[in-house]
Amino acid sequence: MPRGGPMGRGGNPTDKAKDFKGAMKRLFSELKPFRILVYIALILAVLGSIMSIIAPNKLSTLTDEISEGLVINTDNLKTITDTITSSLNEENMQSKIEEILSMNLSEDTITQIMMSSEISEEDKQEFQTVMAKMQESEASNNGMSYISELPDSILQVILPETSYHDIEISTEDKIEFLKAIGSLETGEVKEDAISSIPENIKKALLDEIEIDGTKISSEDQIKFIELMSSMTDETDETELYSKIDEMPKSIQDVIEPFMDMDAIKKIALILASLYTASAIFTFIQSILMTDVANKFAKSLRSRISIKINKLPLRYFDKNAKGDILSRVTNDVDTIAQSMNQSLATLVSSTTLFLGTIIMMFYTNWIMALTAIFASLIGFVFMFLILGKSQKYFVARQVELGKLNGHIEEIYTGLNVVKVYNGKRLADEKFDVLNRNVYEANRKSQFLSGLMQPIMNFIGNFGYVAVCIVGALLTMNDIISFGVIVAFITYVRLFTSPLSQIAQAMTSLQSTGAASERVFEFLDEAEMSDESSLTKKLDKEKVKGNIEFDNVVFQYDNNPKPTIKNFSAKTEPGQKIAIVGPTGAGKTTLVNLLMKFYEINSGDIKIDGISTKELTRENIHDLFTMVLQDTWLFDGTIRENIVYNNENITDEEVREICKTVGLDHFVKTLPHGLDTLLSDNDAVSAGQKQLLTIARGMTKNTPFLILDEATSNVDTRTEELVQKAMDKLTEGKTSFIIAHRLSTIKNADLILVVNDGNIIEQGNHDQLMAKQGFYADLYNSQFDEL
Amino acid sequence: MIKLLKNLRKKEWALAVVCLVLIIGQVWLELKMPDYMSQITVLVQTEGSQMSEIIKNGAYMLGCALGSLISAVIVGYLVSGISATFSKNIRKKLFDKVEDLAMSEIKEFSTSSLITRTTNDITQIQMLVAMGLQLSIKAPITAIWAITKILNKSWQWSALTGVGVVILLSVIATLMVIVIPKFKIVQKLIDKVNGVTRENLTGIRVVRAFNAEQYQEDKFEKVNTKLTNQQLFNQKTFAVLSPTMYLVMYFLTLSIYFVGAYLIKDSLMADKIELFGDMVVFSSYAMQVIMSFLMLAMIFMMVPRAQVSAERINEVLDTDITIKDGKIDSNTNKEVGTVEFKDVSFRYPDGDEYVLKDISFKANRGETVAFIGSTGSGKSTLINLVPRFYDVTEGEVLVDGINVKEYKQDFLHNKIGYVSQKAVIFNDTVKANVSYGDNGKGEISDEKIKKAIEVAQGKDFVEKMENGYETQMSQGGTNVSGGQKQRLSIARAIARDPEIYIFDDSFSALDYKTDSVLRKELKKYTGDKTTLMVAQRIGTIMNADKILVLDEGKIVGMGTHKELLKNCEVYKQIALSQLSKEELEDA
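Top to bottom, those sequences are chains S and U.
Reading the first sequence from the start, the letters are residues 306 to 1090 in the working numbering.
Reading the second sequence from the start, the letters are residues 8 to 594 in the working numbering.
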């Protein structure tokens, strides 16, 4: 997310380094001063990744803990059921019931019954019949059923109030109990009958159970039995769970799912600290990398800036300005950006990637292969598309370049386009190019837009594959459920770094190309070292002799020498004019004089000392140079005039302005000398030239060079300047190059140059008298139209 | 931005609607997936689940994923088509508009700004449409849909998600408020770094001549430090974003689970399973909600930038074309080759001062009328009124006796052979450059081209070039010298065979000799053609039939060289600044 500019101008996608490995090696060796910070950042990135691998595991543990809370305690449920069942089984029941009833059928009782006057004859009759039946079936245990057939009056006698396990059981209760179970053939207690059993008998029937410290009363047990009785084998879990909600508290307590809240809290705490730590690591890491990247970028920019001033001029003849500029900004920016993002991403993604693979294989190799294979299919597909789209990205760049070129051409030449009726032609070409850009745009955008959806699909595909294979393995008892859960996260972790790595790699590619260009520039051969030169000319003491001695000079990219055996000599204080057609080598002579270029052979001497023995700095100190190109920079008028000459007072600046005729212009400006030139387009070409002349005047030197210095000034203004210049050049040796011959007519020496040679020399009158090249040139001004 | 979007045609809108439908489908499928996902999770976690159940749910889920993929691919295809078409149409519209702008309007915008508007600004807009169209449809739909899916599950969870969204959005909003204005500063500083480097490069000779290397380096270091510090501030501030996003997302999941644990614990047994399922589903929906808010935030970050571009484009598109085409497209008048100015005054639309005031003169067939004056005297503006680069503010300009405004522009231009001050060379062959345009007389023959180049004194250098007349010129003609470029552009005017030649200071790039020979040859070749020329050199114009001396937009002298020398002080001054008294008298 953090990017350089609002646009985050990334590297050109088509960029490729010639020697990627070399470029990266160089980049890293240049990073040495920042090494420790980079290492710390990268270690933090690795740690962050490791946490990312741990965190999902913890999260799945948390999920497991929570899901524990869904599963009822089947053990306890079973215990309860078993206990109740065993206490209710036939044998126990039989004896228990007998014990509870503790029927009194002794001789006395029978006699008592038979004698009792309160008992009707009918009942007595009944009693005898039952007794007889009971005797018949003595052997069997189910005499109980007969008892229940006895009339109440008799039962009251034979079932005295007794106590069972400290529970007082009244006769009435016993009768009721008998009635309830009476319908039974066996000793088993039917559930629907149980409810009508008196409370204290129920208690007596079912012993209290204690599970995990929770006591389950007989009552609760009975309720449990009632609820469970309504269930069949087909009853599903939800129904079971809703039954549980109706169960008595004691049973719920025992069989309800147990969620270990302490464990959950602990895991949550661990997770929270993992997340926080990981976030802090990421934060520190990105702060560190931002710091390193920007400081490194700054140092690169500074180095480029310094380098510019150390390169020989011939470098700039061969290389476009725009190219150097783009190294300072775009390339350095690309490097900074990719360091800021790609480097850490690459390291953390690789860690994540490898870590996940290791974890997967460690957990289960079949699942690991499944996850990797499922993701790989998708990635192969994706890389195919990526490879194909590369072509369209290149095409897009190329087509856009062509279209922009056309637009620029038409806009800048619009007046010609209009008046030559070239609009149709321009439109036709525009339409074709626009169409091409459209096609390339559409395709490249479509393909690059595919990445995200495909990534999503790969993720989902991996998820399903892992689940299915996992389930299969679980059924065959090869792995546990936890493994699947773990793999679900692994598969997510595994797919995301791959695409990040792919992205980081592409970005590193352009970084490679960018750093190659930057270092190529920084490695460019510099101007010759001059520290061994000890001779120095003091500008106060220089007399002003200059001698060209058989000078030969050839530009690197030129097949022919521009200056051939040039020899000339000047006297102090002379005004020397150099004239000749374009391309004759006039400006080159000046360049050589200023030691901007090294001459191939011959020598140039100042006061008899070869310029080869003088430092460039020393020579530049001796010359004032005003060029045809009006070089002004963003800044105030004052800054542009004073430039690096710090000892100039405002008074002097005003004086100079007056001399070159700028004072009126300066006065009309809103802020006078402090007016910014950048936002003032009102400055005409002529005024700009006057400003550069003014700048030249701030420098007091023995030599003066005017290279077409007044070409943009109209002739009347030029005359004014000329006068000022003449004052300036008084006593100085000056070199004047001019197109307008009127400018140089009063020169002491006119050198007529053609094809790098002096073909004529002398003053104006001498040359006119010669009727040669100069005279021809001069007279052509007045030729008949 | 919205205004620009109106440029989408019906077809594109229809496609956008299709996209909308597809995206809704896509969102539906994507939101369906968590259901199956949790189903699978539950199945896997429950012992004794049927394999076929898992496969069935897996297949459903994959089906959803595949459906969403297909839908995304189609949407991607449509959107890339829409955005590419959109940018194509806007670019075309803008290009056409710029072609029709008057020079004054172009000056106001500046050519380089117009180029940027037609190239970079449109690319910006296209990017927004490409990314924004999908996101701005998808994000709100996903957000709202996902919210409705989870809203009735549990208020605790919803509250948590709400808190997450609020935290995230407030962090993003704070960052935007802090950093976005700083981005503009960064851009300015980058421009400054560029500017200082550029100035060092363009003025390399001056820098060295003044031994000002250290000065430049200090200057660079100053902006470099400023830029670096600003960048550091911005990027470090932004470094908060990614960990915050991470924290919000993961803490949200964690909190949902943690709160979920308590909810499950305290719920009835019957609700537990459902709650658990809800929890798993909720956390994935909550992620969707967060993600879609993030996407929305992204759009909000992109929009202001594109907005600036959109405004810049609209500014051009909204400019009224002041130069309206006339109707006349055939010669009806008997007059041929005349140019007449009747009380012409001109000022820029928003200018206060007149650039030209009360100009009246007439150039008859075969005459040469020259204009001279100091810089800013209005001479270029004057002749630019003839081909209607500007329209007069007052008065009228007549060509062949008819007001130029009444001509169809093509027809008017066919009468004119114009050579600009700065030679214009197209990225094409020498031949194509000379035969450029359409003169209403059919294609220009090779012979004529060669002849034109010969007259323009370009034969020697053209034939010396590697491929002669077929040599490819680089853009801006950087592979030939200034004088050579000017000769080619003069040849272009000659090849056109016009009635009226207009030379806007076209000879100053030539040396005296070439200048003089060229004019002689031209005169021979053109014969009775009318010529209007602006010049700085007295030598160039002294033989003109009529010389107009301009000063501050007014005619201060009119006549022949000799007449003017006698009665025009300004002319005399100009002449004397170039030639000596004797020379003037000799000539």
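It is worth saying that the hints were derived from the structure and are not from the lab.
Note that the coordinates shown come from a computational prediction; the quantities given were computed from them, not determined experimentally.
Some clues are possibly wrong.
Stated by the list, open to error - Which residues of chain S face chain U? A partial, calculated answer using Cβ under 7 Å: (1) Y546; (2) P553; (3) I575; (4) R606; (5) S610; (6) V721; (7) N746; (8) R747; (9) Q750; (10) M760; (11) F762; (12) E835.
Unchecked claim - A short list of chain S residues far from chain U (calculated; beta carbon distances all over 10 Å): (13) K383; (14) I569; (15) T595; (16) K600; (17) G710; (18) R729; (19) N739; (20) E744; (21) Q808; (22) I914; (23) N949; (24) L1082; (25) S1085.
What the hints assert, rightly or not - Dumping the calculated EDC-like pairs for lysine to aspartate or glutamate here, alpha-carbon to alpha-carbon at most 16 Å: (26) K272/U - D550/S; (27) K104/U - E115/U; (28) K734/S - E506/U; (29) K612/S - E506/U; (30) K104/U - E713/S; (31) K341/U - E506/U; (32) K226/U - E944/S; (33) K100/U - E944/S.
We put the CB at the ideal spot given by N, CA and C, even for glycine.
Each hint, compared with the structure:
1. Y546: Hint holds; Y546/S Cβ to chain U Cβ min 4 Å, cut 7 Å.
2. P553: Violated: closest Cβ of chain U sits about 13 Å from P553/S, beyond 7 Å.
3. I575: violated, 10 Å
4. R606: holds, 5 Å
5. S610: Since the shortest Cβ distance to chain U is 4 Å, the answer is holds.
6. V721: holds, 4 Å
7. N746: The hint holds - N746/S has a Cβ within 7 Å of chain U, the shortest such distance being about 4 Å.
8. R747: holds, 4 Å
9. Q750: Because about 4 Å separates Q750/S from the closest Cβ in chain U, which is inside the 7 Å limit, the hint holds.
10. M760: violated, 10 Å
11. F762: Because about 4 Å separates F762/S from the closest Cβ in chain U, which is inside the 7 Å limit, the hint holds.
12. E835: violated, 13 Å
13. K383: Correct as stated: the minimum Cβ-Cβ distance to chain U is 16 Å, above 10 Å.
14. I569: For I569/S, whose nearest Cβ neighbour in chain U is about 5 Å away, the distance does not exceed 10 Å, so it is violated.
15. T595: violated, 4 Å
16. K600: violated, 7 Å
17. G710: The claim is violated: G710/S sits with its nearest Cβ about 6 Å from chain U, within 10 Å.
18. R729: For R729/S, whose nearest Cβ neighbour in chain U is about 6 Å away, the distance does not exceed 10 Å, so it is violated.
19. N739: At roughly 5 Å from the nearest Cβ of chain U, N739/S sits no farther out than 10 Å, so the non-interface label is violated.
20. E744: violated, 8 Å
21. Q808: With a cut-off of 10 Å, Q808/S remains clear of chain U, as the shortest Cβ separation is near 15 Å.
22. I914: Correct as stated: the minimum Cβ-Cβ distance to chain U is 19 Å, above 10 Å.
23. N949: violated, 4 Å
24. L1082: The claim is violated: L1082/S sits with its nearest Cβ about 6 Å from chain U, within 10 Å.
25. S1085: violated, 4 Å
26. K272/U - D550/S: holds, 13 Å
27. K104/U - E115/U: Holds - the C-alpha atoms of E115/U and K104/U are around 15 Å apart, at most 16 Å.
28. K734/S - E506/U: Since the Cα atoms of K734/S and E506/U sit roughly 28 Å apart, the hinted pair is violated (cutoff 16 Å).
29. K612/S - E506/U: Distance ~56 Å between K612/S and E506/U Cα, so the pair is violated.
30. K104/U - E713/S: Holds - the C-alpha atoms of E713/S and K104/U are around 15 Å apart, at most 16 Å.
31. K341/U - E506/U: Given that 16 Å is the threshold and the Cα spacing comes to 14 Å, the pair holds.
32. K226/U - E944/S: Roughly 12 Å separates the two Cα atoms, so the pair holds.
33. K100/U - E944/S: Violated, at about 43 Å.
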